[in-house]
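**Q** The primary structure of each chain is shown beneath.
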Amino acid sequence: MSFNLTVSPDFTPDHIAGWFIFNTWLQKAIGEGIHLELYNSFEAQRKDIDADKIDMIYANPYDASMLVREKGFLPVATPAGERDEAVIAVSAGSAYETIEDLKEGLRIATTDDPDVHVMGMIMIEPADLNKGNVEISYAPSYVIVAKHVIQGKADAGFFLKEAYDDLSGVIRKQLRELISSQIYVIRHMLLVGPRLQHKLDAIKQALHNMQQDPKGPGVLQALGFEGWEDVSQEDTEFMIDLMETLVD
Amino acid sequence: MAKQCPLPDMQPEDVKGAAYREYIQTFFDGTSRKILCTEIETPFPEGKLIVSRTDPEGIITHANQSFVYMSGWTEQELIGAPHYILRHPDMPILGFKGLWDTLAEGKKWHGYVKNLRKDGGYYWVYATVVANIRDGKLVGYTSVRRKPSRKQVLAHADVYAKLRAEE
Ligand SMILES: Cc1cc2nc3c(=O)[nH]c(=O)nc-3n(C[C@H](O)[C@H](O)[C@H](O)COP(=O)(O)O)c2cc1C
Numbered sequence: 001m002s003f004n005l006t007v008s009p010d011f012t013p014d015h016i017a018g019w020f021i022f023n024t025w026l027q028k029a030i031g032e033g034i035h036l037e038l039y040n041s042f043e044a045q046r047k048d049i050d051a052d053k054i055d056m057i058y059a060n061p062y063d064a065s066m067l068v069r070e071k072g073f074l075p076v077a078t079p080a081g082e083r084d085e086a087v088i089a090v091s092a093g094s095a096y097e098t099i100e101d102l103k104e105g106l107r108i109a110t111t112d113d114p115d116v117h118v119m120g121m122i123m124i125e126p127a128d129l130n131k132g133n134v135e136i137s138y139a140p141s142y143v144i145v146a147k148h149v150i151q152g153k154a155d156a157g158f159f160l161k162e163a164y165d166d167l168s169g170v171i172r173k174q175l176r177e178l179i180s181s182q183i184y185v186i187r188h189m190l191l192v193g194p195r196l197q198h199k200l201d202a203i204k205q206a207l208h209n210m211q212q213d214p215k216g217p218g219v220l221q222a223l224g225f226e227g228w229e230d231v232s233q234e235d236t237e238f239m240i241d242l243m244e245t246l247v248d
Numbered sequence: 249m250a251k252q253c254p255l256p257d258m259q260p261e262d263v264k265g266a267a268y269r270e271y272i273q274t275f276f277d278g279t280s281r282k283i284l285c286t287e288i289e290t291p292f293p294e295g296k297l298i299v300s301r302t303d304p305e306g307i308i309t310h311a312n313q314s315f316v317y318m319s320g321w322t323e324q325e326l327i328g329a330p331h332y333i334l335r336h337p338d339m340p341i342l343g344f345k346g347l348w349d350t351l352a353e354g355k356k357w358h359g360y361v362k363n364l365r366k367d368g369g370y371y372w373v374y375a376t377v378v379a380n381i382r383d384g385k386l387v388g389y390t391s392v393r394r395k396p397s398r399k400q401v402l403a404h405a406d407v408y409a410k411l412r413a414e415e
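As they're listed, the protein sequences go chains R and L.
Numbering of the first sequence is given in this note's numbering, commencing with residue 1 and proceeding in unit increments.
Numbering of the second sequence is given in this note's numbering, commencing with residue 249 and proceeding in unit increments.
Bound-form chain R, shown alone (with noise of 0.2 angstroms):
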């Protein structure tokens, strides 16, 4: 039997390669056979997790309430020290100074990517701003979120933090940061589903004694991860229960 593990689709595509790579090596360190699938957007991913084709995933935030409260996934590891936050910025020579300056019908570039929108819509509440007041439009990447902004397509854009500060120097100089989330507990986790729970211990012990294994610090550095950090069942529904405060 093969399993399959997939990746949120928010990941850098610089770390494409890095998510084979990472595959090879688990597949060695447990010795099962695993089929790494990538999704181009969460619409897709979510279609097979709802169909049960996933037994791993390395899971945005946002879905993994639904993947430990309703599918039963336990949690592996999450990258070491690595949060998600959001950035909102405008564009260089926006009028806008800060977040209760932003007016109805504000214009917001924003991603798919779930756990950086809702962070986005948050952090834009004190202006009174909701998603019956602002018009959304979705683009594909942040970089294009970027172009929208410093295009005037958009009057703000959601960035997930990381991104925006792996922006190019040219970009982010049209770009002014409106405000940025210091939140410090939502990050993405690796997520073990209930056919591949057998291998649960194992998969922890190579994750946790990774940067000793001969190959492991080449793999993570593909990854673009310091290295793992254990998560306990309670960080996990600790976080998912913050999340679900965030969402209506």
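Please note: incorrect hints may appear among the correct ones.
If you want the footprint, here are the derived chain L segments under chain R, 3+ residues with CB under 8 angstroms [stated by the list, open to error]: (1) 296-305; (2) 378-387; (3) 391-398.
With a Cα cut of at most 27 angstroms, we get these calculated DSSO-like pairs of lysine-lysine [to be verified]: (4) K251(L) <-> K173(R); (5) K204(R) <-> K173(R); (6) K385(L) <-> K355(L); (7) K296(L) <-> K103(R); (8) K173(R) <-> K161(R); (9) K131(R) <-> K147(R); (10) K366(L) <-> K296(L); (11) K366(L) <-> K410(L); (12) K345(L) <-> K356(L); (13) K71(R) <-> K47(R); (14) K282(L) <-> K410(L); (15) K345(L) <-> K355(L); (16) K345(L) <-> K366(L); (17) K356(L) <-> K410(L); (18) K366(L) <-> K282(L); (19) K71(R) <-> K355(L); (20) K173(R) <-> K147(R); (21) K399(L) <-> K103(R); (22) K399(L) <-> K410(L); (23) K153(R) <-> K173(R); (24) K296(L) <-> K131(R); (25) K71(R) <-> K356(L); (26) K296(L) <-> K356(L); (27) K131(R) <-> K356(L); (28) K385(L) <-> K131(R); (29) K296(L) <-> K161(R); (30) K251(L) <-> K345(L); (31) K71(R) <-> K385(L); (32) K296(L) <-> K264(L); (33) K399(L) <-> K131(R); (34) K103(R) <-> K28(R); (35) K296(L) <-> K251(L); (36) K366(L) <-> K264(L).
Treat the hints as calculated values from the structure; they're not laboratory data.
In this text the structure is predicted, and so the values were computed from the model without any measurement.
For glycine and all other residues, C-beta sits at the position ideal for the given N, C-alpha and C.
Put chain L with the ligand on the given structure of chain R with help from the hints.
**A** Okay, now just chain L with the ligand, sitting in the frame of chain R:
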């Protein structure tokens, strides 16, 4: 003898600023405490969430850094204290009845809350409280507060003042 409030009466030397109002606040457990409150508002920290957790009875079990900072108490003082440690005399009784009734129905609660600081000042939040269910059992509650809009704060201050006047 009546049960002793786990929190001390506030003293003038605890209070920041010269002018304050004085109240005797009674809590759901029948205990009372003297509260001194000022008109000094602490602004909500930008981009942050104020998070706490309680056990099923409302005793604080966790407080994040922003919670500690905004409350004016130390983390040590907060853990194990009843959540009414933040109860501001300007909040109507009905507000918290709504909170506990909603949670008892197994639902999520949202509301605007004016909270009391240890130094007598206050801060406004938009709070959401959810039940923490583990293996089908209620083990506590999580409250996450975000920055409210000024318009909502003013509107709620008004409504709460009217409700207080009727109590
Ligand atoms: C998770 C949780 C968070 C709470 N947060 C607050 C708060 O921020 N401020 C507050 O005054 N009461 C809060 N309460 C409600 C208090 O427990 C308490 O009901 C309220 O302060 C009124 O006091 P009383 O119930 O003794 O009348 C919270 C309760 C729970 C369960």
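**Q** Are the hints correct? Go through all of them and say.
**A** Hint check:
1. 296-305: holds (count 4)
2. 378-387: holds (count 3)
3. 391-398: Answer holds; 7 residues pass the 8 angstroms Cβ test.
4. K251(L) <-> K173(R): violated (63 angstroms)
5. K204(R) <-> K173(R): violated (42 angstroms)
6. K385(L) <-> K355(L): Holds - the C-alpha atoms of K355(L) and K385(L) are around 15 angstroms apart, at most 27 angstroms.
7. K296(L) <-> K103(R): holds (22 angstroms)
8. K173(R) <-> K161(R): Roughly 16 angstroms separates the two Cα atoms, so the pair holds.
9. K131(R) <-> K147(R): holds (22 angstroms)
10. K366(L) <-> K296(L): holds (20 angstroms)
11. K366(L) <-> K410(L): holds (25 angstroms)
12. K345(L) <-> K356(L): Within the cut-off at roughly 14 angstroms; holds.
13. K71(R) <-> K47(R): Answer holds: K71(R) to K47(R) is near 13 angstroms, not above 27 angstroms.
14. K282(L) <-> K410(L): holds (23 angstroms)
15. K345(L) <-> K355(L): Holds, because 14 angstroms separates the two Cα atoms, which is no more than 27 angstroms.
16. K345(L) <-> K366(L): holds (23 angstroms)
17. K356(L) <-> K410(L): Holds, because 26 angstroms separates the two Cα atoms, which is no more than 27 angstroms.
18. K366(L) <-> K282(L): holds (12 angstroms)
19. K71(R) <-> K355(L): holds (22 angstroms)
20. K173(R) <-> K147(R): Answer holds: K173(R) to K147(R) is near 12 angstroms, not above 27 angstroms.
21. K399(L) <-> K103(R): holds (13 angstroms)
22. K399(L) <-> K410(L): Given pair K399(L), K410(L) holds - Cα atoms ~17 angstroms apart, limit 27 angstroms.
23. K153(R) <-> K173(R): holds (18 angstroms)
24. K296(L) <-> K131(R): OK: K296(L) and K131(R) at ~21 angstroms, within 27 angstroms.
25. K71(R) <-> K356(L): holds (22 angstroms)
26. K296(L) <-> K356(L): Between K296(L) and K356(L) the Cα gap is close to 21 angstroms, so the pair holds against 27 angstroms.
27. K131(R) <-> K356(L): Roughly 20 angstroms separates the two Cα atoms, so the pair holds.
28. K385(L) <-> K131(R): With a Cα-Cα distance of about 34 angstroms, the restraint between K385(L) and K131(R) is violated, given a limit of 27 angstroms.
29. K296(L) <-> K161(R): holds (14 angstroms)
30. K251(L) <-> K345(L): holds (22 angstroms)
31. K71(R) <-> K385(L): holds (19 angstroms)
32. K296(L) <-> K264(L): holds (24 angstroms)
33. K399(L) <-> K131(R): holds (18 angstroms)
34. K103(R) <-> K28(R): Answer violated: K103(R) to K28(R) is near 55 angstroms, above 27 angstroms.
35. K296(L) <-> K251(L): Status violated; Cα separation ~37 angstroms.
36. K366(L) <-> K264(L): holds (9 angstroms)
Hint compliance for this structure: hints 4, 5, 28, 34, 35 are not met, and every other hint is.
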